[in-house]
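S.K.: This is what each chain is made of:
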Amino acid sequence: MAHQKLSPRQYAILGLVSVCAPLGDTCLSMGMKQVPNVSLAHPASLIAAVFTPWIALGIALLIGFFASYLTALSWADLTYVLPATAFGNMIVEMLSRFALHEAVSVQRWLGCLLITIGVGFVAQGPSLTEHPPPATQVTVPAEEEQAR
Amino acid sequence: MIVPASTVGFWPAAGMIAAIILASSVGEILTAAAMKSIGDLDEIRAHSGLPGAIRAVLTCPLFFGGVTFLALAFFSLLYALNHLPLGLVAPASASLTLVTNAAGAKIFLKENVDRRRWIAAVLVCIGVYFLAH
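Heads up: the sequence lines are chains L and F, in that order.
Just so we're aligned, residue 1 is where the first sequence starts under my numbering, counting upward by one.
Just so we're aligned, residue 1 is where the second sequence starts under my numbering, counting upward by one.
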């Protein structure tokens with residue numbers, strides 16, 4: 001496995017992966033609490049809910065998550081990117097404790113600690129597995145072949 | 001029809017959670033395989049612009065396979081939540097998916113999942129369980 005060093009821009013994309021999903025879910029949750037109960041008998045009310053500010057922001061953040069997640073998967077291993085998605089849960093816990101002043105149980109702090117250690121383990125290693133090119137793709141140019 | 005969680009036996013509950021984990025893992029692995037086959041999106045965007053990068057993703061059949069399985073995982077989750085408590089379904093599916101993804105990445109994507117990544121997968125798995133439980 002060759003050691004692949006990520007650029008600051010790639011770290012920023014992994015940061016977006018971590019942040020966008022939990023923040024998007026939080027925005028959706030806040031938005032859905034502000035709209036009246038949605039029933040299957042009136043699906044149009046669900047469409048109207050999409051245009052409320054919190055839900056629109058949540059959808060935009062989740063689109064941002066998926067775009068950054070796909071970008072990260074194009075240059076890093078799945079087993080490197082997935083812990084980054086879990087790291088977002090820890091960011092939400094920190095926000096809920098220090099920004100919203102909510103009580104966070106010992107069990108949740110322990111969960112945060114384990115995720116942080118896990119992400120640290122992966123982040124110190126290589127981001128991408130280098131596969132050797134298949135032998136069938138190695139071709140000799142015609143001119144070089146004639147020279148022989 | 002709402003079925004109380006207590007009426008669902010162990011094996012049906014395990015089956016529902018297994019269906020979520022299976023669909024989610026297949027979706028993640030297909031999506032990862034699609035993005036590896038496309039190549040570095042940053043480079044594609046530098047050469048062909050954002051429309052070129054979007055076109056590269058949307059013309060990849062593997063990507064649609066991945067999205068289909070991710071949608072299947074979502075509906076499996078909704079079905080399970082109709083029969084089982086959220087406190088069981090969310091932590092079990094979220095944490096176990098990390099381990100099955102690591103196994104799938106090693107077997108199907110040929111990723112070098114060394115001891116460091118296995119330890120990380122297990123630690124994150126337990127951490128997510130604690131957070132979601």
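There could be a bad hint or two in this list.
[Unchecked claim] Just so you have them, the derived chain F footprint on chain L, three or more residues with Cβ under 8 Å:
1. 15-21
2. 28-36
3. 42-48
4. 52-66
[To be verified] Derived CB-CB ranges, DEER-like:
5. L/Ile91 / F/Phe74: 18 to 24 Å
6. L/Asn37 / F/Ile107: 40 to 46 Å
7. L/Trp109 / F/Ile119: 16 to 22 Å
8. F/Pro51 / L/Ser96: 28 to 34 Å
9. L/Glu102 / F/Thr59: 43 to 49 Å
10. F/Ile119 / L/Ala48: 20 to 26 Å
If you're looking for bench data, these hints aren't it; they were derived computationally from the structure.
All C-beta atoms in this analysis are idealised placements derived from N, C-alpha and C, irrespective of residue type, glycine included.
S.K.: All hints, please: hold or fail.
M.R.: Structure-based check of each hint:
1. 15-21: Result for this restraint: violated, n = 0.
2. 28-36: violated (count 0)
3. 42-48: violated (count 0)
4. 52-66: violated (count 0)
5. L/Ile91 / F/Phe74: 18 to 24 Å: 23 Å, holds
6. L/Asn37 / F/Ile107: 40 to 46 Å: Between L/Asn37 and F/Ile107, where Cβ atoms are some 45 Å apart, the hint holds.
7. L/Trp109 / F/Ile119: 16 to 22 Å: 20 Å, holds
8. F/Pro51 / L/Ser96: 28 to 34 Å: Given a distance of about 39 Å, which is not inside 28 to 34 Å, the answer is violated.
9. L/Glu102 / F/Thr59: 43 to 49 Å: For L/Glu102 and F/Thr59 the Cβ distance comes to about 45 Å; the hint holds.
10. F/Ile119 / L/Ala48: 20 to 26 Å: 48 Å, violated
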